[in-house]
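Visitor: The residues making up each chain are set out below.
There are 2 protein chains.
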Amino acid sequence: MPREITAFSNPLIKRARSLRDKKHRRREGLFLAEGLRILSEAEESGRLPSEIFFTEDSESHPRAKALIDATEQAGGEAIRTSRAILTKLSGKDNPQAVVGIYPEFDLSLDALDRDSAQIWLVAQALRDPGNLGTMLRTGDAVGAGGLILIDDCADPFSVEAVRASMGALFTLGLAAAPWTEFLAWLRAGKGQLIGTSLDTDLDYQEPRYEKPVFLLVGNESAGLPADYAAACDLLVKMPMMGKADSLNAAVATAVMAYEALNQFRR
Amino acid sequence: MPREITAFSNPLIKRARSLRDKKHRRREGLFLAEGLRILSEAEESGRLPSEIFFTEDSESHPRAKALIDATEQAGGEAIRTSRAILTKLSGKDNPQAVVGIYPEFDLSLDALDRDSAQIWLVAQALRDPGNLGTMLRTGDAVGAGGLILIDDCADPFSVEAVRASMGALFTLGLAAAPWTEFLAWLRAGKGQLIGTSLDTDLDYQEPRYEKPVFLLVGNESAGLPADYAAACDLLVKMPMMGKADSLNAAVATAVMAYEALNQFRR
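As they're listed, the protein sequences go chains P and L.
Counting along the first sequence from 1, when you hit position 3 you're at 3 in the UniProt record's numbering, and nothing is skipped either side.
Counting along the second sequence from 1, when you hit position 78 you're at 78 in the UniProt record's numbering, and nothing is skipped either side.
There could be a bad hint or two in this list.
As the list makes no split between identical chains, a pair holds if one copy fits it or if it spans any two.
[Stated by the list, open to error] Listed below are the simulated SDA-like cross-link pairs for lysine to any residue, each with C-alpha atoms no more than 25 Å apart in a straight line:
id, residue 1, residue 2
1, Lys243, Gly46
2, Lys237, Asp69
3, Lys92, Ser18
4, Lys211, Gly145
No wet-lab data here; the hints were simulated from the structure.
Bear in mind that the values here come from a model prediction, so they are computed numbers and not experimental data.
When you get a sec, could you build the whole thing from the sequences and use the hints?
Guide: So this is what it looks like as structure tokens:
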């Protein structure tokens, strides 16, 4: 049976709300996800929340009701609360119907099976959680195996990243590693590393991409460090016809990823 | 000579700060842009701010100094202020070196010259200002003539949109119009209208794009209304290999725009 909580001061509400901060996420090893669509993706990939928050209204929605029941059956806690509290948890004026708390995932490279996909996305020192989430969403679309975060990136478990991923956080592979560790892992098996760079004349459509291809983009402002670029099998650039010299990092990744997919599906 | 303002309560500071709100932007017909790069793009496209804010530190930067001087020579006001106030104006912990106030642009369709470019971007009911700015940035990259905003879109003059555009707001064409007005304008001349849709089997790489091509994406959640889709010359879809059925709107636009550019440059 769902528990009813309507006080903002309730410790469970305060704890859930605290997971909007990275410090608390790290300490607890938990994160927040919102919205029927994202929680459904999570369930389909075999993950149910430890706690699910919802309003009376949500319960009349069959998909939400099923999620609530499944959470309880798996030993999780279902918490019926007010719209005002859900708004506070969600941080949006128009709160989603459900909010869930999930344990963070294992982000080790060893959990990835490089042979399971043709395309892998790799981001280095990516600062924007929205870009990170968007890359996950794009990764899903091109059938990528996952996203590998190099060095100090935005937190993939932040509310913004989870939201922008539209659920792909739960369905795609995800790993984080320092550069040297990634490079050692990559070179221990098959894989072509293609970096995007401003310091190359090679058009991104010129070379033949090889499976599995690892598409590497650098930090939003600084791009790839020179020694990282030097370690790539190929450096390519997208044509830039205007005044600016670079694309948004998530956009650059998507343009590269669709080129790879288009070559592989031809 | 620059004026010195160090009080948060100064009316000019309060007025500048108020331009973070759409209501105030509309009332004053002004908006904020931040950062050397963006203000430089503006200057190159012939626009100088009516007021430029900076700190003592900024003045030692030659590019910033040149911008400050040019603003004063053009009759604008240069305001030296504190880092704390610049942070407040910029809304970021790490404020940009310069913040400028600019008059909003004319957004009428008649200001666009469709023959000036091969590619035009069209967004319908786009809600996210970051997506809007990213589309402008992508538009610059593919040599698009501009971005046309249909129906009720996010505000292109919002701080988030200006920032995400990386200056392309100043260099690209920009118009806003209701759908019927846009359609009448489009059909009064040459132009192929290609919409992205989930309800089509036509792969986005199959058809031959014709110049000038108008690439239309719909609202982030709802996609294109059925009658809008019906008015397109072609509806296409990107391959979706994963669990989700759509891409981020700015990503979808970029994938389409690079396909158009790739066809035209072949």
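Visitor: What are the numbers of the hints the structure violates, in ascending order?
Guide: 2
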